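Got two chains here, separate frames each, mind docking them using the hints?
As a plain string of letters, each chain reads:
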Amino acid sequence: DAKTTQPPSMDCAEGRAANLPCNHSTISGNEYVYWYRQIHSQGPQYIIHGLKNNETNEMASLIITEDRKSSTLILPHATLRDTAVYYCIVRVDENSGTYKYIFGTGTRLKVLA
Amino acid sequence: EPEVTQTPSHQVTQMGQEVILRCVPISNHLYFYWYRQILGQKVEFLVSFYNNEISEKSEIFDDQFSVERPDGSNFTLKIRSTKLEDSAMYFCASRRGGIQPQHFGDGTRLSIL
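Those sequence lines, one after another, are chains A and B. Okay, so the first sequence: first residue is 1 according to the working numbering, each after it adds one. Okay, so the second sequence: first residue is 1 according to the working numbering, each after it adds one.
Keep in mind that the hints are not guaranteed to be accurate.
Straight line, CA to CA, 30 Å or less: simulated DSSO-like cross-link-like pairs of lysine-lysine [unchecked claim]:
1. A:Lys3 - A:Lys110
2. B:Lys42 - A:Lys69
3. B:Lys57 - A:Lys110
4. B:Lys83 - B:Lys42
5. B:Lys57 - B:Lys78
6. B:Lys78 - A:Lys52
7. B:Lys83 - B:Lys57
8. A:Lys52 - A:Lys3
9. A:Lys3 - B:Lys42
10. B:Lys83 - A:Lys52
11. A:Lys69 - B:Lys57
12. B:Lys57 - B:Lys42
13. A:Lys69 - A:Lys3
Calculated from the structure, these hints are not laboratory results. Source: prediction; values computed, not measured.
So that you can see chain B by itself, here it is in the shape it has in the complex (with noise of 0.2 Å):
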């Protein structure tokens, strides 16, 4: 059965630099997600992006945060100078279309130190 994948399982950065999380979702999916969760919290949602564009962002997704389908089968998520308190678990989700499920990746766990 087809599955997202997201690479890598763990990252460990230093504060302040650049991190890329990246996700392959299901080849025939057309909307793509991020969420995180931090540790012993809720799954948040952050983004969801459809033909080449976001679609709806939440407050956590600042200017910090961005999102690229850059070659028709990755998704990444950018974070363009982390912070301590973007420690936490990415995960990616696509889906099909329509009332179809989200299906999710098994996430990238994001250490900042």
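The shape of chain A in the complex, shown without the other chains (with noise of 0.2 Å):
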């Protein structure tokens, strides 16, 4: 199962700051949250990822609390071409050195006109 909670849907007005949040309670100390999104039925585009410390992009912002219990996405000034299925992940380190990704059912965020 994810390693993650986001609410399954928010609507956010054309040039204001969308915040989509993510529970990630169980987290351990080492593991990297990563934010994707998925437009229509394309493949997932990767967004930010971070440990600790708040990530800035050319694309977003993710601020994560300090007890790393959960991240907030921060796109600033949504443009209806955001309007997309947003995942929040916390992957999962194999034993064989690799990691994968478990994806849960995300946040659909609809930018309104």
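Have a look at this one:
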């Protein structure tokens, strides 16, 4: 099962900040949080990842709480093209030294004109 | 920016036939994955591949499935005898290593008749 929980859907007005929450209360100390989005049936698109410090890139900002049990993805100025399903993923490390993703159901973000 | 490419974009096959889905991962990536997504459902992990062998596979990845990296550039998923329930989007992903994220292709839509 996915190690994260997210609200099933959110709306956001175009031009406003979209704040997408994620709970990962069972995360352990060295596990990273990754955010992806999926537009229609396209492949998941990588957005950002982080461990414990806040992160920012050209797409978004990631705020991770001090206890690391939750995080928020922020799209600073949402556009209609940001309408998508957003996935918060804590990767699952494998004994082989690699890792896999277990996807949850994500948050369906609808940006409204 | 380099990307993962998948071919074909849509494959229609008769039940019981063999199908091969092809992927060209990003060139300096070392870890390779297949996921699938049945229409309207979650993205599901199938298999991970590193150093020319399977690292881990899910319960979905039974004896009908196999993966191969035949020539150092392509990464293929073969389904030996397709079933109706194999109809889904199949996504290939690759990553460089360490904490670097997986990058996904846009998928192959497999339709079994």
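Verify the proposed pairing of B:Lys57 with B:Lys78, using a straight-line Cα cut of 30 Å. 14 Å, holds
Starting from B:Lys57, check that the Cα of B:Lys42 is at most 30 Å away, please.
-> Distance ~17 Å between B:Lys57 and B:Lys42 Cα, so the pair holds.
Straight-line alpha-carbon gap A:Lys69 to A:Lys3, limit 30 Å: Status holds; Cα separation ~11 Å.
Notebook entry, point to check: For the pair supplied as a hint, B:Lys83 and B:Lys42, is the alpha-carbon distance within the 30 Å limit?
Noted result: 19 Å, holds
Quiz item: Given the hint that B:Lys83 pairs with B:Lys57, does the C-alpha gap stay at or below 30 Å?
Solution: Distance of about 19 Å is within 30 Å: holds.
- Task: Measure nothing beyond the straight line between the CA atoms of A:Lys3 and A:Lys110; if it is 30 Å or shorter, mark the hint as holding.
- Result: Within the cut-off at roughly 24 Å; holds.
ask   = Within 30 Å, alpha carbon to alpha carbon, are A:Lys52 and A:Lys3?
value = Answer holds: A:Lys52 to A:Lys3 is near 17 Å, not above 30 Å.
Measure nothing beyond the straight line between the CA atoms of B:Lys78 and A:Lys52; if it is 30 Å or shorter, mark the hint as holding. Violated, because 39 Å separates the two Cα atoms, which is more than 30 Å.
- Within 30 Å, alpha carbon to alpha carbon, are B:Lys42 and A:Lys69? 23 Å, holds
inquiry  = Between the alpha carbons of A:Lys3 and B:Lys42, is the straight-line distance 30 Å or under?
reply    = 14 Å, holds
Problem set entry | Given hint A:Lys110 paired with B:Lys57 - CA-CA distance at most 30 Å | Given that 30 Å is the threshold and the Cα spacing comes to 34 Å, the pair is violated.
Taking 30 Å as the top limit, are the C-alpha atoms of A:Lys69 and B:Lys57 close enough?
The hint holds at about 28 Å.
Hint compliance for this structure: hints 3, 6 and 10 are broken, all remaining hints hold.
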